[in-house]
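J.: Fit chain B to the supplied structure of chain A, relying on the hints for placement.
Spelled out, the chains give:
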Amino acid sequence: MARATSNQERAVKGVFLAYLFFILAGIVYFWVIGLRGMA
Amino acid sequence: VRTLLRDNGLSLFFGTIFLATLIGQAFAGQRVYNHEAVAHGGEAVSLGRYVVSSHYGQAVLENWQSEWLQFLLFILATMWLIQKGSPESEPEPGMSTDKEEKIGRYAEANSPRFAKYGDWRTTLYSYSLLIVFAMIFLGSWLGQSFTGLTEHNAEQREHGEPTKAWAEYVTSAEFWEDTLQNWQSEFIAVGAIMVFGIFLRARHSAESKRVGDPHDKTGN
Chain A
253 MARATSNQER AVKGVFLAYL FFILAGIVYF WVIGLRGMA
Chain B
25 VRTLLRDNGL SLFFGTIFLA TLIGQAFAGQ RVYNHEAVAH GGEAVSLGRY VVSSHYGQAV
85 LENWQSEWLQ FLLFILATMW LIQKGSPESE PEPGMSTDKE EKIGRYAEAN SPRFAKYGDW
145 RTTLYSYSLL IVFAMIFLGS WLGQSFTGLT EHNAEQREHG EPTKAWAEYV TSAEFWEDTL
205 QNWQSEFIAV GAIMVFGIFL RARHSAESKR VGDPHDKTGN
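Protein chains in written order, with the working numbering: chain A, 253 to 291; chain B, 25 to 244.
Only chain A is shown next, with the shape it has when bound in the complex:
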């Protein structure tokens, strides 16, 4: 199998990072809303 530079491996890594980013961003987003008292 080709090393980590292949498009396929980059895509898998991209999906992983997208999930992680979205989840963490979502939690921070709602923390801010809750802590700022935005009803």
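Since the hints were made in silico from the structure, they are not lab data.
A couple of the hints might just be wrong.
[As the list claims (entries may be wrong)] Simulated pairs of lysine-lysine, DSSO-like, Cα-Cα distance not exceeding 30 angstroms:
{"hint": "1", "chain 1": "B", "residue 1": "K140", "chain 2": "B", "residue 2": "K123"}
{"hint": "2", "chain 1": "A", "residue 1": "K265", "chain 2": "B", "residue 2": "K123"}
{"hint": "3", "chain 1": "B", "residue 1": "K241", "chain 2": "A", "residue 2": "K265"}
{"hint": "4", "chain 1": "B", "residue 1": "K108", "chain 2": "B", "residue 2": "K123"}
{"hint": "5", "chain 1": "B", "residue 1": "K108", "chain 2": "B", "residue 2": "K126"}
{"hint": "6", "chain 1": "B", "residue 1": "K241", "chain 2": "B", "residue 2": "K123"}
{"hint": "7", "chain 1": "B", "residue 1": "K108", "chain 2": "B", "residue 2": "K188"}
{"hint": "8", "chain 1": "B", "residue 1": "K126", "chain 2": "B", "residue 2": "K140"}
{"hint": "9", "chain 1": "A", "residue 1": "K265", "chain 2": "B", "residue 2": "K140"}
T.: Chain B only, in chain A's frame:
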């Protein structure tokens, strides 16, 4: 492109239906919110305002936290406990060896870098899935408490009743009802995936034993 879509089909499928339902929830939630607001003599809000509301945040996060807890416990419990016949269970209880895990000096050429070190970094990496799920669970649960508190206090003010401090809110029946109603549904579902797979099959699925596998075969 077709290969990339195929290779990542599962994550793209779940990511897509997640976003679709999150947006659907925003539309439905806005209607509920506005219905209640108008009934109480308040003002209706736009969709843009609703998606930055604690009403929306609390509804999203109370469900999020329970899902992370579910998988966290799923991963944790399968380390120590087994279920004979379940495709989700290890065949025998007991901890795996470094050799079986291919870590430290047993690491192979294509093992992840962190599996090769054999020191604290390998230990950390060995439990990284658990650690990340635990952090996301706690983060969402805390977020539920912050948005829930804001939402609770807004309602209290509308009714001219006293508001709560965070410590009061997280020990209130309201917070625990919101929490436990989500936990119970996750736990029965995890229990069922452990048990039903003993006797039932889903041909072609990675979560099932082969259709012809005996009922007493544990693991898949």
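J.: Kindly indicate which numbered hints from before are broken by the structure, ordering the numbers from low to high.
T.: The structure breaks hints 3, 7; every other hint is satisfied.
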